[in-house]
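Colleague: Here are the chains, one letter per residue:
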Amino acid sequence: MTPEEIKQSANIVETKPRLLNDNTMHYCPGCSHGVVHKLIAEVIEEMGAEEIAIGVAPVGCAVMAYNYIDVDWIEAAHGRAPAIATAAKRLNPSKLVFTYQGDGDLAAIGTAETIHAANRGENIAIIFINNGIYGMTGGQMAPTTLEGQVTSTTPYGRRVELNGYPLKISEILAMLDGTCYVTRQSVHSAAAVRKAKKAIRKAFENSLSGFGTSVVEIVSTCSSGWKMSPVKSNQWMEEHMFAKYPVGDLKDSPVKP
Amino acid sequence: MKEEIIIAGFGGQGVLSMGKILAYAGLMDNLEVTWMPAYGPEQRGGTANVTVILSDQPISSPVLNTYDTAVILNQQSLDKFESKVKPGGTLIYDPYSIHHAPTRTDINIYPVEAMEATFELSSSKAYNMVLLGSLLKVRGLLPVEAVMKGLKKTLPERHHHLLPINKQAILKGMELV
Amino acid sequence: MEDEVRLMKGNEAVAHAAIRYGVDGYFGYPITPQSEILETLEELMPWETTGMVVLQAESEVAAINMVYGGAATGKACMTSSSSPGVSLKQEGISYIAAGELPALIINCMRGGPGLGTIQPSQADYFQATKGGGHGDYHLIVLAPASVQEMADFVALGFDLAFKYRNPVMMLADGVVGQMMEKVVLPPQRPRRTDEEIARQCPWAVTGRTGMRKPNVMTTLELDPVAMEKNNLRLQDTYRRIAENEVRFEEHGTEDCDYLIVAFGSVARICQKAMEDARAEGLKVGILRPITLWPFPYDEVKRLSKKVKSILVVELNAGQMIEDVRLSLEDRVPVHHFGRMGGIVMDPSEVLGALKNIIEKRQS
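First to last, the sequence lines map onto chains A, B and C. If you use the numbering used here, the first sequence corresponds to residues 1 to 257, in order. If you use the numbering used here, the second sequence corresponds to residues 1 to 177, in order. If you use the numbering used here, the third sequence corresponds to residues 1 to 363, in order.
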């Protein structure tokens, strides 16, 4: 069959969301970013929110998220996305403002901005990709790197006496009075993807309803950084990451303050 | 007309607010004014001073090295500023906290028993107003009414019941010199 | 009421002027000697009247990034701080400059380096005019010398920032920030509506209203050719600013033999020294650069042709003097007089420095 024949409507069982454009993604095979991008595009589209959506992109692998999802974006300095989102939302209260951040961006260099935006209860949604490693700079240790996990800066495995413990930042954020919804999800199976999409939708709706800050952590894979095949990465994530970062809701109390 | 004034003492003695009231009074009297404090931790019990300039012309430097008039509330300030009064200028001080009285003979020196007067008025907060009264009397800078207007501007409304006691203190200060 | 003459500190005047200009957002973090700006805004509660957002951020870093985020949505946003805090903001300032975003940053300078002192200083001249953050960029730098100018430069700053899509820094110091003077506040202007912002700032990140093409505010460009183009565009903006926006003030320069160059509050101190010098028969004039960037190179050059020597007076070890020297091509001797660490020189010290130069010249 030629590509044209394959593309006939009778053969189409799934389409990508309109807001996810045709640019070739720079993400590695097996990376979770692509799936999460698609979910965000779908949710915005289904909410009919593309005219009010403002995304804030991080520094990290998703630095060019704006190249793939056709909404308005601000590209932040490393770690500062929650501060930027704070102002964008406060000055434009009717808009849907969300950040998209990795573990280094959100839980290392940007910890202060993350915690204080959440503690102020900014009406923003934070999508947090936790793959336990710095992907963009070539696989260095992240605050969420597991004990014993090998990275380029922990070549003999992370040692807690040297590097401290894996940071469960979502648990911390769930303790803050300013957050209304903190959940941990993953996108390694069809069922998980469906759940993650629901969580993103809830977070976006919360931010429009003024309930406070919503955080959706997505425990993710980094095949390149972990130096594993995509299939092996998913297995490793289930076996190791989920033990430290169990999926499920940490907090769900959407009430207007 | 141009009057360059330094007011100096301890933080908490009302040095900055005395300067502020004087500046506001100048404003009410359509003068140009600058109020330049030595700011910072000095406000918390160390030495405090403020330079106030009143003039019918635009004012250049808000920072000065000599003064027409010095109002001195403690010994350290006297030690620091006595020599900086211009010849023929005025020095007003409260002897209450002064151990070594000023010695210059080329300036006009007025001791004002302001602390004693405040005890009589039984309002310690009006201390700076007694000295302000003496300053107004000696230098004839501004009418008392302009000062009262300035005071009204600087005092938050909830403290406006204190206006009469402050006026009394100013009049007392005028009487004392 | 609108044109009422008021007596207030420079810092307070900034707060009032910001509300009256119709600023959309202020984001700041307390630091002496400029905390009155945030304090006054919180006291005036402009969110109840003009709808202005005022927020005490968790750090200077967060505050400048809030400015970046707000400015990216086309809103008029500002922050203020003092020297150590402005150092923390430099990363964000570089992003704002790279993003070609209008914004106002106020530095009420105190003495450094390090934690330094809370007393006045002008030691951040290099930082403000020569870069500060990374990359080839310039801020438009305005140096107020009075409380009135602190108020006026809020409006001037934002007008220039939006005209050139370039951040503006008001480089004040502890003297103008903390002193009280008369000030005439401008009348209240309404804040711009979302429609006006969309017209004025078609680049603004506001959501794809009417399903227009997405607007993306990014400073990342991995294609070196495109990145060089970005830089050339910035340089072209700086050229236009340098051609059109040089501002300065002069006193006594018609007939002077000696020229003092000073900016901000120090220019006021020098003016008094000039008055005293002229009373003694010394013909002294003053050039006060109001824009420190762009610097009035041509005017210094023009005046240098008629004076015997030039004294640059600053509250630092000699920073602006480099720009004065650049203007002269070594035609005239240039001297520096400065105090540091929070000590403010008085007029007699300036006059003393000037007399020293004259004596040395004659001997």
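A couple of the hints might just be wrong.
[To be verified] What follows is a set of in silico ranges between Cβ atoms, one per label pair, in the way DEER data are often shown:
#: 1; chain 1: C; residue 1: Glu48; chain 2: B; residue 2: Lys125; range: 42 to 52 Å
#: 2; chain 1: C; residue 1: Gly51; chain 2: A; residue 2: Pro155; range: 34 to 44 Å
#: 3; chain 1: C; residue 1: Glu48; chain 2: A; residue 2: Asp249; range: 33 to 43 Å
[As the list claims (entries may be wrong)] Computed far set for chain A versus chain C, every beta-carbon distance over 10 Å:
#: 4; residue: Pro17
#: 5; residue: Glu46
#: 6; residue: Met47
#: 7; residue: Ile52
#: 8; residue: His116
#: 9; residue: Ser253
[As the list claims (entries may be wrong)] A few chain C residues that don't get close to chain A, going by computed Cβ distances all over 12 Å:
#: 10; residue: Leu232
#: 11; residue: Arg233
#: 12; residue: Ile241
Treat the hints as calculated values from the structure; they're not laboratory data. Each residue gets a CB set at the ideal place from its N, CA and C atoms; glycine is no exception.
Colleague: Checking each numbered hint in turn, tell me which of them this model violates, lowest number first.
Modeller: Structure breaks hints 1, 2, 7 and 8.
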